[in-house]
Amino acid sequence: MAKSILVSNTLPKEALGLVPKEFTVDLHNTDHPLPKAELVARLKGKDGLICHIISAIDDEVLGASPNLKVVANVAVGYNNIDVAAARRRGIIVTNTPDVLTETTADFAWTLLMAAARRTVEADHYARSGEWKRWQWDLLWGMDVHGKTLGILGFGRIGRAVARRAGGFAMRVLYHDAVRADASLERELRATHVDQDTLLRESDFVTVHTPLLPETRHLIDAGALGKMKKTAILVNAARGPIVDEAALARALREGWIAGAGLDVFAHIASASHDTRLAMASLAVRNCVAVLEGKPPITPVP
Numbered sequence: 003m004a005k006s007i008l009v010s011n012t013l014p015k016e017a018l019g020l021v022p023k024e025f026t027v028d029l030h031n032t033d034h035p036l037p038k039a040e041l042v043a044r045l046k047g048k049d050g051l052i053c054h055i056i057s058a059i060d061d062e063v064l065g066a067s068p069n070l071k072v073v074a075n076v077a078v079g080y081n082n083i084d085v086a087a088a089r090r091r092g093i094i095v096t097n098t099p100d101v102l103t104e105t106t107a108d109f110a111w112t113l114l115m116a117a118a119r120r121t122v123e124a125d126h127y128a129r130s131g132e133w134k135r136w137q138w139d140l141l142w143g144m145d146v147h148g149k150t151l152g153i154l155g156f157g158r159i160g161r162a163v164a165r166r167a168g169g170f171a172m173r174v175l176y177h178d179a180v181r182a183d184a185s186l187e188r189e190l191r192a193t194h195v196d197q198d199t200l201l202r203e204s205d206f207v208t209v210h211t212p213l214l215p216e217t218r219h220l221i222d223a224g225a226l227g228k229m230k231k232t233a234i235l236v237n238a239a240r241g242p243i244v245d246e247a248a249l250a251r252a253l254r255e256g257w258i259a260g261a262g263l264d265v266f267a268h269i270a271s272a273s274h275d276t277r278l279a280m281a282s283l284a285v286r287n288c289v290a291v292l293e294g295k296p297p298i299t300p301v302p
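Going letter by letter, the sequence shown gives residues 3 to 302 in the working numbering.
Incorrect hints may appear among the rest.
Stated by the list, open to error - Calculated lysine-lysine pairs in the BS3-like style (CA-CA distance at most 25 Å, straight line):
hint: 1; residue 1: Lys46; residue 2: Lys71
hint: 2; residue 1: Lys48; residue 2: Lys15
hint: 3; residue 1: Lys231; residue 2: Lys149
hint: 4; residue 1: Lys23; residue 2: Lys46
hint: 5; residue 1: Lys230; residue 2: Lys149
To be verified - Derived Cβ-Cβ restraints for the label pairs, each shown as a range:
hint: 6; residue 1: Val180; residue 2: Pro300; range: 18 to 24 Å
hint: 7; residue 1: Ala86; residue 2: His219; range: 29 to 35 Å
hint: 8; residue 1: Ala128; residue 2: Gly224; range: 43 to 49 Å
Worth flagging that the hints you see were computed from the coordinates, not collected in a lab. C-beta: ideal position from N, C-alpha, C; glycine also.
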C-alpha cells in the first residue's frame, strides 16, 4: 500500500525529489506554520510527518493519525516535539544532526567577531548620519586573538567552534557533563573545567547546549555575575538557555561587555548547502522508516 506523507512547511524541490514516486505528499508550501486544527485535520490518515521547528507537535497532533509511524524534524533541536508522547505511541522521531555543524560553528564565530569588533554598532552609526570624521576613541572593540574562549556544551558544534579557535591562538576552556577523550582535548588544545571556572576566566563564552529542563536559564543572573566585565556572551543555541531579563540587566548595568545572540532571524544554519542537506536528511529519515528500514538519525 502506498505511503502518505504530510510536509508541514516548504522544502526544496531537490529534497522532495527523494520521496519515492509511489508515495503521496501533502505539501503545505509556505513558511507559515499550519494552525493546529488544520495540522490535525491534514495529518489524518498520513503515515509520516516532515516538520520544521515552528510546528508544535504535541500528543494531540501525534494522535491525529493511527497510521503515523515517523516524525522527521528538519532541525537538530526537537523541543517542538513531545518525544515522550511519540514513544508511547510507537512513533519514531528523527532530527538532522551533523549536516549543520560547520555552518552553525561559522555563525557562532560571526556573532563573536561582530560583538567583539562592534560591527553592528558601526553600521548603525554610519547609517545614522552622525559619523562626520575620524575619531581616535570611536567604537573601540576587543581583540580576539590570544584571548580565552569558554565553550559551554562540547558536542559537535562546540568542538567545531573550538577547532576554529586554533587560528586565533586562543586558550580554549570547555564544560560539558561528558568529558571529551584526552586525544580530542589534545587535538583541539581544549581544557575541561567546571562551569564557574569557565565563566570567571573566559573573555568569550559561547553556548552550545541543547535546550533541556536542566539547561533552561543556564545563563542566569548568577552565571552572568561570574563573568568578566570585559567578557562577551555568544548564544548560538536555543534562546531560553539564556535568561533574557537577566542578560538585559547585565548589559545595562555593565556586568559584561556585550552579547551576540542567534535568536531573532535564526540564521545559524541558513546557507543554501546546509538547508538543502537538512531537508534531504529529514526526507531520507522519513522514507527509511516508512520502507521498514532503520532511520538514519533517530532522536535518542
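Hints, verified against the model:
no., hint, result
1, Lys46 x Lys71, "12 Å, holds"
2, Lys48 x Lys15, "20 Å, holds"
3, Lys231 x Lys149, "14 Å, holds"
4, Lys23 x Lys46, "21 Å, holds"
5, Lys230 x Lys149, "13 Å, holds"
6, Val180 x Pro300: 18 to 24 Å, "19 Å, holds"
7, Ala86 x His219: 29 to 35 Å, "22 Å, violated"
8, Ala128 x Gly224: 43 to 49 Å, "38 Å, violated"
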